[in-house]
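Please model the entire structure based on the sequences and the hints provided.
As you go down the protein sequences, you meet chains A and B in turn.
Start counting the first sequence at 1; every next residue gets the next number (the working numbering).
Start counting the second sequence at 1001; every next residue gets the next number (the working numbering).
Rather than coming from a laboratory, the hints here were simulated on the basis of the structure.
Careful: at least some of the hints might be erroneous.
Below, in silico cross-link-like pairs of lysine-lysine (DSS-like), each with a Cα-Cα straight-line distance of 30 Å or less [as the list claims (entries may be wrong)]:
1) LYS1423/B - LYS158/A
2) LYS1069/B - LYS159/A
3) LYS427/A - LYS1423/B
Number of protein chains: 2
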Amino acid sequence: MANKKIVIIGGGFSGVFAAKELRRKMGEGVDIELINKDNYFVFQPLLPEVAGGGINSSDAITSLRLLLKKVQVRLAEVINIDFDSKTITVLQGTRRLPVEVSYDHLVLAMGQSADLSRFPGLTEHALTMKYMGDAFTLRNQVIRCLEHADVAQLPEIKKRLLTFLVVGAGFSGVETVGELKHLIDKSLHYFPNISPEEVQVKLIEFADRILLELPESLGHYAQQQLEKQGIEVLTNVGVNSATMNGAELSTGEVIDTRTIVATIGTGPNPLVKKLGLEMQWGKIKVDRCMRVPGKENVWALGDAALIPMNDNPEDRLDFAPPTAQFAVREGKQLAMNIRRVINGWELKEFAYVSQGALASLGASKAVAEVNGIKLKGFFAWLLWRSFYLSFLPGLVTKVRVAINWMLHSFVPRNISLIEPPTKPATKYIHFRKGDVVFSKGMFADGFYTVISGGFELDLKNPETGEDVHRTYGPGQHFGERIILGRERRTGRIRATEDSVCLWIARDDFKRFARGFPLLDQYFQDYISEKFGEEALTPEDALGKKAAETDKDA
Amino acid sequence: MANKKIVIIGGGFSGVFAAKELRRKMGEGVDIELINKDNYFVFQPLLPEVAGGGINSSDAITSLRLLLKKVQVRLAEVINIDFDSKTITVLQGTRRLPVEVSYDHLVLAMGQSADLSRFPGLTEHALTMKYMGDAFTLRNQVIRCLEHADVAQLPEIKKRLLTFLVVGAGFSGVETVGELKHLIDKSLHYFPNISPEEVQVKLIEFADRILLELPESLGHYAQQQLEKQGIEVLTNVGVNSATMNGAELSTGEVIDTRTIVATIGTGPNPLVKKLGLEMQWGKIKVDRCMRVPGKENVWALGDAALIPMNDNPEDRLDFAPPTAQFAVREGKQLAMNIRRVINGWELKEFAYVSQGALASLGASKAVAEVNGIKLKGFFAWLLWRSFYLSFLPGLVTKVRVAINWMLHSFVPRNISLIEPPTKPATKYIHFRKGDVVFSKGMFADGFYTVISGGFELDLKNPETGEDVHRTYGPGQHFGERIILGRERRTGRIRATEDSVCLWIARDDFKRFARGFPLLDQYFQDYISEKFGEEALTPEDALGKKAAETDKDA
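Structure below.
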């Protein structure tokens, strides 16, 4: 009999621990595949320290392939799941031809996404703290503001550059504001034209105190510590909206700033949204064994799922909280349940009692509650770090990270502003005669205008069965139907001689072609004249759905 | 008497060592400013190791502010130099209003740029190895190819993904190909679906042997080492052209590959090009004391300058070679010459005899010639590393980097594919009523289409002196004249209510608006109708010049 195949979507705490435990308990008796958009695991609680330059990014991530021996890791984006045929459709590699992956058991562990859409302008003008890229961006943003402030000529610009606003005082907000202030304090003496009193770092929280996840006394201690470090903490204050120059608070006050970090607002992952599963509070409803009701062999856990902790859950406290600690335990217990199903044993309900909570405050301080015991200061912070080290695979890696952490407290903060090379939204692409630009079924990556040379299109009209041939020369264009939500190519385009195209990335082209009335009108006319209803093949439905989701997101 | 002000443009070896030596020898008696596009110094010879994942990027760079105590570091882009008024015009910060910096002595140390324009398609489809970003990009590219190949379905795609081509076998090409192969060898066991014989790594060199900078015997040793590591070395072979799918060699052979690294082809820095200085072989001609002839108190050195080593220079061997070793010595001697001028002493001509040369070959091997003695293997490689350590500022930093290097040989290669968050080419920008979008004189950053709300334009017609007012509502646009090369704003745009714009980055907009005939025609008509010859103010000349240079580049 062939091995059962278990596919896990998502490489966060819950997905990784489910995969590890499955491999550990079931040996080679099952095939395990983990699909993730990145090929590494991020230790998310360390992101604020990466943003603060306290540790290197490479010390807060681990390759999934290293972490998960004997698990097939697939670097891909899931675009659809068919629960009936037990098939997952993914985009991977460079060809952008969708690939199908089948499963016997499916684990949904894709977490949640940031969702700031309730606050006008916040999506566009605030930074978030969810991914490694966010930590990079924030660190660069702070250093760039210091660099610019050091040579700024207008006082109002300098003030705006030196004001930093963090929205939301949960774990992530508190740790981020602490690290951000620490980075500034440690770097300021390199910037001779900035005096410390010119810097303003603010933390705002809609509730009446910070760190609601911790007992009140620890919340107060944390607030005192932050204020002692020179951070202004405002409670009972939310954010209304944001622009390129600042934020408007719920009090009506406008904060002039270039740097807004929003640690509030999460919503379902875009993929989860379109699966048609029963949702509550933006999460997938599951039973106490983490099964998705009504779907065979489909499981969900971690931040993506709403796992009841008792039989009559009423409010949020009756469900597993979205913490790393719970995600790890959920992953392990889910693995055991899949094993039980495969072996025909009885399932067990998820049960776990929190061992406590911990928040780092920057400057080698933290607050913690462990098994009812409250800890604060340096010792709590050491505990925090030890937990992470215990998680890293391999002794040498642990030693390297530990040494780096130690040395990092002695060496100056790294204030190098490394701007990552950006992927251009427009570029010239050269083709040799005969090169295929794209072929039928490929996911559309962009829009092409011919600069020199020539191309030919071949497609079969799905209604008449007729072969269609067209040629394109300089000044003409192809691939424009992506603005209608048609995400997959219906024909093949090939260079008929050595040629050059100007290419524009899909999303940028869509935004511009829709937002700029001249283009919007032109393409509407062009497409209806040239293609009519001709080629709306069934596979486009998928693309259209994806496009709509993208628009909502 | 006010201090003399010495401005250095460029933060590479020559600029940094000139600044250090000036500060060391002249104390607080002079003001020193160093202007650079990045706020860090890159130890360029280590870039191949960063690309290979052998060291962290943070161990190959140092903050300029840390390196250059008591030197004003300005993170800015120089856009013009006026030698008569001794003024430099820079763009800095966020406002994009040009700022003027004056000097008594000016040191041109901006190095050279990559120039692949002789080979069609190479600029667009090859990676280079000059900046930190290049190293990142190459490392990501290699890992991405392995990830994709691990799940690729078509054999020809897999072959293309697993073929890697390095063009040019000087120091940079040899070190890059060695590190690249090493990264692949060390990572391959994480990719269960790729077998080692499927990987092809090729190095091509136009000359009849590799490493022309070193004695022939060392070149041969190096080639043997590379071949032993499984690298295919082809001499007497150049590249003709490149496309998105591969490269055509001078032999006519077409190599199917997604990864071309070009370490050939350099040209003058775009700024140097437009200064109108006398040039030879793409470098600024200077006298033996490194003065630029005909310009008062202007100096040039490093890769940007052609420094004669004797009174009758005939061929390239009569000039200082473009190596780090010479750049360091040039920096020091230039600093002494500026001191001599200020003190009224006699200048000294640049003189230096190379102490040797060194190339790392990957896998902890190197070849070297030091004072006529040939070294090879592990010992040469240790020498290489020691040289870098001696250069780092501060004992703790040295220790940290040394420990990291040591540990890196034990821990697995980091194969995490961290895709940097890209700066979008199009984005929605929110404005509050009264916000200024841009004002007169600002450098144009992009094109704006109004999505909602409204804006007003105020400008003064420079010919009639008349005040011009215009308003813009949804669907209308402003900022389009950048496609004509007008790089500086002639009026002020302000939001008349809370508004949202769709913004498109300057270069992407220019490329699209010029390359797409519909837009090209529309904007030509629109601009001539709306603005006529109205506002071609003198300050535009600068912008136009910059735009033309940009187009050439």
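Hint check results:
no. : hint                 : result
1   : LYS1423/B - LYS158/A : 23 Å, holds
2   : LYS1069/B - LYS159/A : 25 Å, holds
3   : LYS427/A - LYS1423/B : 15 Å, holds
Checked against the numbered hints above, the structure violates none of them.
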